[in-house]
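**Student:** Chains A and B supply the protein sequences, listed in that same order. Start counting the first sequence at 1; every next residue gets the next number (my numbering). Start counting the second sequence at 94; every next residue gets the next number (my numbering).
No wet-lab data here; the hints were simulated from the structure.
Simulated crosslink set (SDA-like; lysine to any residue; CA at most 25 angstroms straight-line): (1) B/K217 with A/D12; (2) B/K217 with A/L8; (3) B/K217 with B/Y247; (4) B/K217 with A/Q14; (5) B/K217 with B/P261; (6) B/K191 with A/D61; (7) B/K217 with A/P4; (8) B/K217 with A/A13; (9) B/K191 with A/R62.
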Amino acid sequence: MLIPHPLLGPRDAQEFTYLGDAALIDRPDGLTEPEKFHDYAYLRDNPAGVHKELWFHEQGDRSWLVVTRNTVTHEILGAVLARDTARGRGRSK
Amino acid sequence: MAEHRLTPLAPLGHAEPIEERIGPVLIAERTDVAMASVATRRGWETELAARAAQAGLPLPPPGQAAENAPWGSFWLGPEMWMVEAPYATHEDVAAQVKPALGEAASVTEQTDAWVRFEVAGPLKPLFERLCNIDLDRFAPGSATRTLMEHLGVYVIRRAEDRMTVLGPRSSAGSLHHAITVAARSAF
Numbered sequence: 001m002l003i004p005h006p007l008l009g010p011r012d013a014q015e016f017t018y019l020g021d022a023a024l025i026d027r028p029d030g031l032t033e034p035e036k037f038h039d040y041a042y043l044r045d046n047p048a049g050v051h052k053e054l055w056f057h058e059q060g061d062r063s064w065l066v067v068t069r070n071t072v073t074h075e076i077l078g079a080v081l082a083r084d085t086a087r088g089r090g091r092s093k
Numbered sequence: 094m095a096e097h098r099l100t101p102l103a104p105l106g107h108a109e110p111i112e113e114r115i116g117p118v119l120i121a122e123r124t125d126v127a128m129a130s131v132a133t134r135r136g137w138e139t140e141l142a143a144r145a146a147q148a149g150l151p152l153p154p155p156g157q158a159a160e161n162a163p164w165g166s167f168w169l170g171p172e173m174w175m176v177e178a179p180y181a182t183h184e185d186v187a188a189q190v191k192p193a194l195g196e197a198a199s200v201t202e203q204t205d206a207w208v209r210f211e212v213a214g215p216l217k218p219l220f221e222r223l224c225n226i227d228l229d230r231f232a233p234g235s236a237t238r239t240l241m242e243h244l245g246v247y248v249i250r251r252a253e254d255r256m257t258v259l260g261p262r263s264s265a266g267s268l269h270h271a272i273t274v275a276a277r278s279a280f
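All chains should be built: construct the whole structure from the sequences, respecting the hints.
**Tutor:** Following this line, the structure appears as structure tokens:
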């Protein structure tokens, strides 16, 4: 499987490790919103189809990516830097 | 200071770095380059670019290496580079780089963390056995990190027939073994 790294071009999936649903970027404050944090920590969607997920380029430039993958066909539809996604949502300044 | 009689060793454990010729390739351990990593501090991106340009430090784009004597550098990751300079004149490379960049970057000494091999000769038959880089897309001036026999290494293509391989110094022997075995199998 090849992952189209937004900075480095196509790279072997062997160089990456997988974390999970990209919704993990939206971490709620566990002290002020314990209910939301429970859902964040324990509940996951498990879609058959297009899924946004976090991959770490551990054996490459060590950037986090948000990869859009079809969980049925394993087709990779795109990849962006997780940093850009987080900043786009007003995170990390 | 206490008097000692310690002798410096090259990463492979010999008093001097070793060279080995296997068929048409020369695999040479090198200890004459000093290195420091440069990481941008958040919010200082523009300032760092200006200060580096003034100091003559090249900061190449992703996947690239650049040279501006005596400095060389290659891209490590977003907002991070490795700077190289001759060991003879820049043994304290981090201390030489830091004043030029000031608050704009965090500079970390790297010289003794790595083993450096210069590989000269026909690269393709060798590196297609060692790692998953597509050499046809990896022109001279390219640099990247990848896996070689489960070791994270940096490879920098200096020319059509010259490649630098940087691996963890503590695994110098294993990396040397991997390269020489691949060379014997290829040639």
